[in-house]
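**Q** Let's have the full structure, built from the sequences with the hints guiding it.
Its first residue numbered 2, the sequence shown is counted upward by one per residue in my numbering.
Bear in mind the hints are in silico, worked out from the structure with no lab data behind them. Bear in mind that the values here come from a model prediction, so they are computed numbers and not experimental data. Please note that a few of the clues may not be correct.
Stated by the list, open to error - Between beta-carbon pairs, the in silico distance windows are: (1) Arg148 with Glu168: 18 to 28 Å; (2) Ser190 with Arg404: 22 to 32 Å; (3) Ser145 with Met66: 34 to 44 Å.
Glycine included, every Cβ here is placed at the ideal spot set by N, Cα and C.
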Amino acid sequence: MSEPTELTQKAEKLDAGDELASKRAEFVLDGPEGAVYLDGNSLGALPVAVPGRVADVVGRQWGEMRIRSWTESGWWTAPERIGDRIAPLVGAAAGQIVVGDSTSVNVFKALVGAVRLAQETGPGRDEILVDATTFPTDGYIAGSAARMTGCALRPVEPSEVPGALGERTAAVLLNHVDYRTGRLHDLPSLTAVVHAAGAYAVWDLCHSAGALPVGLDAHGVDLAVGCTYKYLNGGPGSPAYLYVRADLQDRFDSPLPGWNSHAEPFGMRSAYTPAEGAVRGRVGTPDILSMLALEAALEVWDGVTVEAVRAKSLALTDFFLECVGEYVPEGRVECLTPLPHAERGSQVALRCADAGPVMRRLIDRGVVGDFRHPDVLRFGFTPLYVGFADVERAARVLAEELR
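**A** Okay, structure coming up:
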């Protein structure tokens, strides 16, 4: 392998001009000298503000104030308050996102709610389209939602959605970014074609929120869900969120009505009356410890635009592919991630015959990505804390392990 001097110098120059470089100091990135963390698309790094905030929540808010904290510390309003904090990162106005429950639970709420919206117009809407390449859980949830609502389930590739839509289509569940390949699907045009067919669009934003512009309001998305432990750095198992477009909220019929989404939550009524607004997406008691850790984590976005993050993301992935092309022996890997910027998320997936052992060796050497069965090396690029020198080193170590 040739000496990496030229690309090393290029990395130094790119890092020197990086407007987001100062954000790196807001994360805990301890580890072996020279460690490179490229797995933020699975679990984001720890923001430095989180441990102190969690200590305060546990020691003072819970330990000293106890039940008073539901009102005096703002626990009760946290799901909507934190939802409003996430809203600008996905292109939504305030009052449309509620935080709580897992991604899976929110996918279920959104998809069943979408079918119920569609079936208000008549019983003929009895089919759900689901992304055939989706993360498995989304497919499982879609199957259960179909059985519950009397719908047929039809898996289709995202590119095949326009031709698969029809008068029977009630709802379409799609991923904004494919979790295996990093392919970015065309949310604006797919949402428009779903609407033209009289159906409702539900988007899974797990691999796009915090990495690139989404534009939920601008593109008229009906419902969306996403996790917060990837590019939003909320921590392991941090609560997910549900977006319900403002003009649909008074018709949104959640399949999981709970006392927290009741119009009078402390009235303890036997009959359910849904609250107004995004609050009707709540179910039970909020998971306060992880929710307030997420709120602290979101402070790293102060002063940052999603557009700046997207620009750096594309620059990082471009540079990584350039380094891989220069360093890695020809024929050892195949890039599964689309090269056009309009089709790329914030990760690079490389097919490699011995991907599992290779990734284990990379991790041993401080380059942390992940392996997806059967033969995919997956590298996620979180622009808030990944630099260009990290990228160059990762590609160089990969090449050494593949030789």
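**Q** Each hint needs a verdict: does it hold in this structure or not?
**A** Taking the hints in turn, this is what the structure says about them:
| no. | hint | verdict |
| --- | --- | --- |
| 1 | Arg148 with Glu168: 18 to 28 Å | holds, 21 Å |
| 2 | Ser190 with Arg404: 22 to 32 Å | violated, 43 Å |
| 3 | Ser145 with Met66: 34 to 44 Å | holds, 40 Å |
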